[in-house]
Structure formats: structure tokens, C-alpha cells
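Protein chains in written order, with our numbering: chain A, 1 to 198; chain B, 1 to 302; chain C, 1 to 647.
By construction, these hints were calculated from the structure, which means they are not laboratory data.
Fair warning: this is a prediction, and the values are worked out from it, not measured in the lab.
Please note that a few of the clues may not be correct.
For the chain C half of the interface with chain A, some residues (derived, Cβ under 7 Å), not all of them [said to hold, decoys possible]:
no., residue
1, Ile205
2, Lys210
3, Phe237
4, Val241
5, Val244
6, Thr250
7, Gln254
8, Thr257
9, Gly265
10, Thr612
11, Gly614
12, Cys618
13, Leu621
For every residue, glycine included, the Cβ atom is placed at its ideal position computed from N, Cα and C.
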Amino acid sequence: MKIDNSLPLEYSTEENSLKILGFWIFLGAEIMLFATLFATYFTLENRTGSGPTGAEIFQITPVLFETILLLTSSFTVGLGIHAMRIGNKKAMISFFSITLLLGLAFLGVEIFEFVTYVHEGASIQTSAFTAALLTTLGTHGAHVTLGFFWGLFIILQIKKRGLTPQTTNKAFIFSLYWHFLDVVWIFIFSFIYLKGMM
Amino acid sequence: MHKKGIKAAFISVFFTVITVLSGCEPLLVLDPKGPQAERQASDILLSIGIMSIIVIVVFALLVYMLVKYRASKQKADYEPPHIEGNLWVEVIMVGIPVLIVAFLSYVSVQSNYIVEAKPKGYEDTKPLVVYASSSDWKWHFSYPEEGIETVNYLYIPTDRALEFRLYSYGPITSFWIPQLGGQKYAMSDMVTTLHLAADAPGEFMGRNANFSGKGFAENTFNVTAMSQEDFDDWVKEVKETAKPITEKKFEELLEPGHLGRQTYTGTHLEFSPPPTGHEHSEESSETETNTESHTGHEGMSH
Amino acid sequence: MDFFDRFAVPHPSLAIYASMAAIGLTVIAVFAGLTYFKKWGYLWREWLTTVDHKRIGIMYLLSALLMLFRGGVDAIMMRAQLAVPENTLLDAQHYNEIFTTHGIVMILFMAMPFIMFFMNFVVPLQIGARDVAFPRLNALSFWLFFMGAMLFNISFVVGGSPDAGWTSYFPLAGTEFSKSVGSNYYMIAIQIAGIGTLMTGINFITTILKMRAPGMTLMKMPMFTWSALIANVIIVFAFPVLAVLLAMGTLDRQIGTHFFTMDNGGMDMLWANIFWVWGHPEVYILILPAFGIYSEVISTFARRNLYGYKSMVGSMVLISLLSFFVWLHHFFTMGQGALTNSIFSITTMAIAVPTGVKIFNWLLTLRKGKIVFTTPMLYSMLFIPLFTLGGVTGVMLGMSAADYQYHNTMFLVAHFHNVIIPGVVYAMLAGLHYYWPKMFGFMLNEKIGKWTAWLLSIGFVLAFMPMYISGLDGQARRMYTYSEAAGFGAMNMISFVGAAIMAIGFVLIVYNIYYSTRYETRDISNDPWDARTLEWSTHTPVPEYNFAILPEVRSNEALWDAKKNGHVLFKGEYEKIHMPNNSGIPFIMSCIFFVWGFSFIFSLWIPVILTTIGIFICMALRSFEQDHGRYISVKEIEETETNLRGA
């Protein structure tokens, strides 16, 4: 394995740079995935059938909590990568752990939010609007859940194996993924919640 | 004038060729009996004409190249040259197709506005409004102004604009009377409008053209065009002889299956109105982005 | 008993029971054969766990040929049913299932893997790489595709086939009108295969962007590699759309949501729109690599460089962009008004311009050439006129007002077969004959090959030209029968005869493979066609590492440059070569996916949960696994190279 020391560890082998490019392309595909969901949501937004409208069920408090939690976690994952670059394994693991805890808290609030919707008569089967809403939110939530486990595995690997070209590469790619989920959330926050509440 | 002559020549030549090819009877789509179908047939023949030229050019070039540059016709030591490309050749290669596409686009856009408007020649007539709705695997025709309804057959007056409002009680279907004009979808959550007219009395084939399940092949109806007086007589006769359509009867009619011709007084629009609110209007764009902006102008006006 | 009822075929017939028996016997025979000849170990080591792009390519090829058979049988049954009016060979239900599966099998499980075969086998060789960027992901892509295809294919013996058309428009495909599990198969099987395709897209973009031989700039890539790159970019942008669409369809059918239903705000038009946002780019995913193959073949056998390389690349880029802005032409008749139709009518016809550029470039490549009529070249020369016919009828269909008359008729059916068969299928057959010696070390028989090409073309013209006429005469597509009075009988009979001739052509291909395997000489060079690109510069058969020394390139026809201008491709000494290890995880994970899909289709939620966990365990195992690959030593390379040179 050729290691190029002039580059950060996560880019240092050919395999690593392939993986990072490949992941960027994957994120391109993810953008299309969420774009399709958004297009569907905007089309079905006002088709509420016999169910409630967005304005009737959206509440600002849990959504604000979710937003703050996820934005903060995006910041901490960035700090984690910074710590990784300067070779501080301990700080990196701490920041990654905080990130995952924030992600978990986000999921907790989101599940609470979903339960509330269902109690208010807006389950996924209620109308075209609720189907599109909960599918879009649910897809994002599923991504966060998957990210949680992925991040957990990476922390375990770094604990065991230290900061190697392989582990740093995984951690860096994970951070890209996590930032991406944050960007998607900003779209959800602005174009689903804020627009729906207005 | 000259251009028109060329066009007419093309049309007649290809019309003959296709007629000969298909036996003796003219093909339905190329045997129009109304202004919309006529416009579409002339577009079709025009495009066949232009496209034939392209096909002939490509065929001729291909044959020329294959005959002239076969290995067997060349010296054994012939080395083909390295040619990158030539700006002028490529300009021609792009330019001519662009001109052709531009011309066809011009025709296409014009035709779009023609087939989506009241039929040419009948702009001054008051259109006959017919609600054509499909259910598995039947067509229901409601004449709201006349107050009658038929199943699987359609009587229409000639020399008068016809306005079909289409919707479906089930899968997407497509209302099509080839000799009067092209088809349009009938769907469950939107009313679409198709403008047709018949120039002369006659019997025409009509069908659902969009696959809708098991009974699709037999999902046809008969169209009879007659003079306004005959049409009025028919309406009068129906009103005197037919039974009224009731909600219960209509529910029975909606059951999946095939039915023969049926006639009723009254229409189902009174108790089972067409879908509202999502009718597409001229200025609305694609369905994906702005359903909410569709002007909710609804056709049920009596 | 209720539990087992769901697996029964809802509309059984003798043919289905016979197929069941045939499938059962074949499976038993395969298992027995593998056991008797003690080949299980070989199968596992050399194929099921392989990450070698060449072997994965060959497995794609085998799947594609198998599916071609399946789709072809469907086709011939349809043509036989319609050959005479009021035929009773098939009833409406069977006919509907058959045309539905014919479409899906041919597009997604025949044409796609065929394209994947070419990309897998050719691209790394053509760019001078030793494998793709992510070899193990590549194996996973294949196995997911394969399991998706197999899952789809068992539908007609377990639970019933989908019957709502390959476009599966709602509400027809919804639970209100399609109660059997057929449409669940559609949603889940295509989803699984689609995930595989998406990963292939990511893999090949990375490979082509990052792993080219030294000196091969983007504008020095061979045309097939260019076409593969663009097709994969389309895959990455189009397939997520399909994934979301199928997920929504699944939710509607199995969870009871209202995306496309008739009540509670559901919108049937949304399915059609999103379907074609994926569906139209999909056809370009098929046709662009086909164009790439023609470019290679025509330039090889005209013994000349490809005319207008830059405009070839430019036109493909333009086609790929436009492909995302024409979806609405699949339903001009949905009532969106004259303005919208006009816009999409123009974008649709605009695609004719870059496509025309390509046709003229190929014609000009022939000019001043020294044309040799081999089988691949014959297919290419039959492609140009036949595809032009299909292309111009496409422009006709693009005229939206006239499309009101063509839509949903046999005219449309004739058009898309007229582009797909000469466009895609001929390219595959040309490519199959062209690359066969590189794969297997012997040529396919030229005489039989040419006979096949002519038979297929005669059959094609007879089968599809009459459809243009019957379409204009008012024959709607997808009708399982028609009355004598309709007057479609003669045209449909000619079509049937044509289809039968094509069937003979396809049988001849199989015969050719058999014949050539037995009788063709093994004594061929590495470059039997006197070709121009890198894949012909390595040995036949290709060693596992492809190139002992990575080539250095200075032209888009690297091998030609070496042969004519004396450029030295392979400079330097042997060095040890790093190769990835085989892995069983892709295969095992895909098997779990198969069970997951099957359980999902039948709403067996407990196995669904268990297999979901299984899939995640596989992913977790992969995450924790440390696999640095292995090295092939210089000594081993020297031995292999000496052997191959001697042979």
C-alpha cells in the first residue's frame, strides 16, 4: 500500500481517494433521491383528503429542537474531523460520540413528533399529504438512524485500531454523510415546516 | 404558393403509397372526418414526407460509402487516412437538422393550439358539451344540456363544435375516435377537455386506447354523426322512451364488466359529479410542480 | 391453508404448470450435475465469490442471454396470439401478464445486464486499469441485479405475474384494481435490481474518472468508455428517482398510503410523471453504450479513426442532458395544455439533432476507409438504416398534436422496437461477436454470424413495419385480441411471421456458440480484428491482473498508435501487483435480499424483519472487516506472462 504523506491521512492512499470520490457521487444520487421526495411532497402538499393540513399539525417547538440538535451535531462532527487531522484520537472520539448522542436526541424528538401526528389523526395512511410528509421525514430519519450505527462502528474501530489511513478515511466519509443529512434537514425545515406553518 | 404545392404533392404521393400498402381501405387516422383529425393527418403526412427525405439521404450515403470504400475494391496496400473532422462539415451536419427540427417545431406548436381549441370552421357554433366518463370497461356519455345519458354509444350532431369533458371511475383510460381526432386521457382526479367536430354524417369507431385491465380490448363504443335535426329528434325520442338513471342504477353500471348499448334520461352528474378542482387550464405547467396553482374552473354549470 | 393460498397462481393454465415442472427439473439437474462433477467448490471459489470484473461481466452476459430467452418466449406468444383475429391461444389475463413481463424483462433484465456486461468486461481493459474502483461493490451490484431478476421471474409460478403493463400506471396497479401480488413483485424485484444498478453507476464513474492509464486524458478515452461514463452519470441521477417511485408504490400497495390512489388526495398522474422522469433517461442508459460499441466496431472495420471524435462526445453529453427534459412526451394526451406540450415537443425533437450528428459521423468514418464486412460490422451497417427509420418516427411522435393519434397504438410499439432492436440489440450482438475472442479465446463462426444478422433483419422488418400501418389504422397496443371486422388480421399475421423468423435468428446465435465452441480454432492472436484500442493490447485470455505493466497512452487509439507509429505502450519492469481478495459477502447478502424481497412481496413481516437485520449484519461485518487484498509476486507475473506468450 503506497501512502502519500503529503496528504491528510484520509486521502493518503489511492484506495482512499477513490472512496472519497465514490462517496461524493453517492451523495449526488442522494440529492436526486431527496429531490424526488420533495417534488412529490410539493405536488401532494395540498391534497389532504379528509385528513388535517400541515398548518393544523405542525408545531414549532419540537421542530426547533430537532433543528438545533442536528445543526450542533454537524458542527461537532466537523470538530471531530479537525481533531482527527491534528492526530488527537481522544478528542476525535469525544466529538464523534457527542455527534451521535445529538443524533440520537434528534431521533427521539422526531419519534415523539411522529407519535403526536398519529394521535392527531395524521398517520401515513391518512391522506396523500401525510403519506408524502411522513415518507420524506421518515427517509431522512432512517438515514440518521443508519448514520448512528455507522458512526458507532467507526468509533469502535478507531478505539481499537487508532487513526490509520483506513479508519480516518471512514470517519471522513461519515462526516460528509452527516453534513449532507444536515443540509437536507435545512431544506425540510424551510420548505416543509416553515412554509407549511405560514 | 409554391411551398404549398410541394406540400400537397408530398401529401398525395404518400397518401397513395400508404393506401396501396394497406390494401384498399384508407387507414382510419389518414381518413379524417373532422377538422381536428384533418389537421393531425396533414401533420402526419407532412412529417412522413420530410422524414422520408432524411431516410433517403442516409440510405444513399450509406450505400455510396459501402460500395465505394469496400476493402475488396481497394489496393492491398491502401492505408486509410487519419481525419479528425471538419468544421464546415459539422456545421452542415448540425445546421440542416436544426432547420428541419425548427420547421417541424413551428408546425407542431401551431397544431397544438389548433387541436386544443374549438375546431376550425365551427368557432361560431355553440359547442355540444358531452361528459364522457369511463368505468371498467364501459363508457358513459352524459349530455347535461339535453338531460340524457347513454352507455357505450355516442350520437353527435355534425357541423357543430363538440366539447368532451373526460374523466374516469377507475384506471386511466383514453378517449379516442380516430376519424374525428386524436385521443385524450380520462382520469379519476381531473377533468380533461377534448375538442372535436364531425364534418359529415357517418359511423365511426371509438375506443379506450389506454390499457385498463382485463376487459380493455373490448372497451369500445360506436359513434354516429347525424344532422342537427336528426340529433334533436333522437334526443326527443330518448326523453319520451328511456327510463331515468338513478343512483342505484348507476352504481350497478359501474360494476366491472361489459355492457351493451343503454339509454337513460337524466345524467349521473347530478348525484355523482365529476372530479373538481384539479382541472388543468391552459396556463398551468406540468403536474409535478404546481398543482395548487391550477385554476379551479370547473365545468359543471347547470 | 390460507397461508399457502397466497403462493398459488391466481390464473393457472397448463403452460404455467409445465413451466413449473421445467423449472423444477432444471434446478434439480443443475444441483445434481454440480454434485456429481464435484463442481460446488469451483463454482464458489471462481464465480460466486469472484470480484474480477471480467468474470462478473461474463455472469452478466449469461444472465442477459437467459433473460433474452424468457423475454423472447413472451414476445413470440404475444405475436402468435395476435396473428389471427379472435384467437383463443391466450386469454386476456395471460396476455396482460405476458406483455407486462416482456417489457420489464427485456428492458431491465436483458438489455441492462447486457450493457453491464460490456461495461464490466471492456471499460477497465479499455482504460488500462486492473479492475474497477470498488471490486467488491461490483460483485454486490451483480448479485443484487441477479437476485432481483430471479425474484421477478419466479412470479409467474409463485403468486402470479404483474399484469398492469411495464409502466405499471396507477390506479390500475394499485390494490383497487390489481389484487394479486403480481405488482408487489414489480415494485420489490425492480427495487433490488435497481439498487445494484445505482451502485454500478457510482463504481464506474469513479473507475473512469480516477483509474485511467497514464496519459489518457478525458479526450483521449475510447468512445465506448465515453459512452459508459455518460450512461453511468445518467444512472446515478435517474435511478434514485426510480427507487423513490417504487418505494411509494410499495407503500400504496402494502401499507395503505395514498400517493397514487383514487381517494384521500392520491394522484394517479404523479406516478406517470415520476415514472418517465426515470424512464426516459433509462432508454438513453441503454442506447448510449450501444452507440459506443458501434463507434468502436465501425472505426475498427473501416480501418480508420472515428470521424468527429469531439462532436461524438459533445452529442452524447447533449443527449444525456436533454434526456431529463422530455419525459412528458410519454403522455402528451394527459391534458396539460398546448403550451406545456409545445415545450416538450420541441425538446423531444431537439434530441434528433445530436443523434443525427452521430449517424453522419459514422457515415463519414466509412468515407475513405477500407471496409471489411465482418459480422460485427454487418450488424453495424444494418443498424444505420434501420435505426434511422426508428429515429425519424421518433421525431414524428414528438409532434405532440399528431401524437394524439399515435399514442397508445401499434405505431408507438413499432417505433420503440425500431429504435431498441437495431439500436441496442444489434449493438449487443455486434459487441458479442466482437469481444467473444477476447473473452474465450476463439472466434464465433463468421458465416453463421452473418446469416443470423440477415435473418434477424428480415424478421425485424416483417415483424415491425406492419405495426406502423396497423397503428395508423387504429389498432391500440396491449389489446389481447381484435375482431375480424377491424381489419388488422393481415398486418398482424405478417408480424407473426417476422417474429418467427427473428426467433430462428436467435436460435442460430445459440447454435453458433455451440458450433464455434466445438470447431473454431483456438489459435488466434491477441488482436484478431486488427483493432485500435487498449483492450486488444493484452493477452487472450486476459490474465487476472489485465496488464502486467500499466500502459502509457498518447492517443485515443492507443493500440493503433503503437502498431502504426511505434509508440511503446508497456515501459518499465514488472512490479508486484496488488489485487483484491474474493469475498462471499456480496453473494450471501444478495441471497438474504432475495428472501427479504420474497417475504416483503407476500407481506410476511417477521421474515422481513429478520432478513433486514441480516442485511445490516452483513454491512456491519464489512465495516469491521480488515481486508488489505493480496499481492501477485513478480515471479508469478513472469510465469504467467511467459505462458501466455508461448500459447
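Each hint tested on the structure:
This hint holds: isoleucine 205(C) has a C-beta 5 Å from the nearest C-beta of chain A, less than the 7 Å allowed. Because the smallest distance between the Cβ of lysine 210(C) and any Cβ of chain A comes to about 6 Å, under 7 Å, the interface hint for this residue holds. For phenylalanine 237(C), the shortest C-beta to C-beta distance to chain A is roughly 5 Å, which falls under 7 Å, so the interface hint holds. The interface hint given for valine 241(C) is met, as the beta carbon of that residue sits about 5 Å from the closest beta carbon of chain A, less than 7 Å.
The interface hint given for valine 244(C) is met, as the beta carbon of that residue sits about 4 Å from the closest beta carbon of chain A, less than 7 Å. The interface hint given for threonine 250(C) is violated, since its Cβ lies 11 Å from the closest Cβ of chain A, which is over the 7 Å cut-off. With its C-beta approaching chain A no nearer than about 11 Å, glutamine 254(C) sits outside the 7 Å limit, and its interface hint is violated. At a threshold of 7 Å, the smallest CB-CB gap from threonine 257(C) to chain A is about 4 Å, leaving the interface hint in force.
The interface hint given for glycine 265(C) holds, since its Cβ lies 3 Å from the closest Cβ of chain A, which is under the 7 Å cut-off. Of the supplied interface hints, the one on threonine 612(C) is violated, with its beta-carbon coming no nearer than about 11 Å to a beta-carbon of chain A, more than 7 Å. Below 7 Å, beta-carbon pairs count as interface contacts, and glycine 614(C) has none with chain A, the closest being about 15 Å; its hint is therefore violated. The interface hint given for cysteine 618(C) is violated, since its Cβ lies 13 Å from the closest Cβ of chain A, which is over the 7 Å cut-off.
For the restraint placing leucine 621(C) at the interface with chain A, the shortest Cβ-Cβ distance is roughly 10 Å, beyond the 7 Å limit, so the hint is violated.
The structure fails hints 6, 7, 10, 11, 12 and 13 (numbered hints given earlier, in ascending order).
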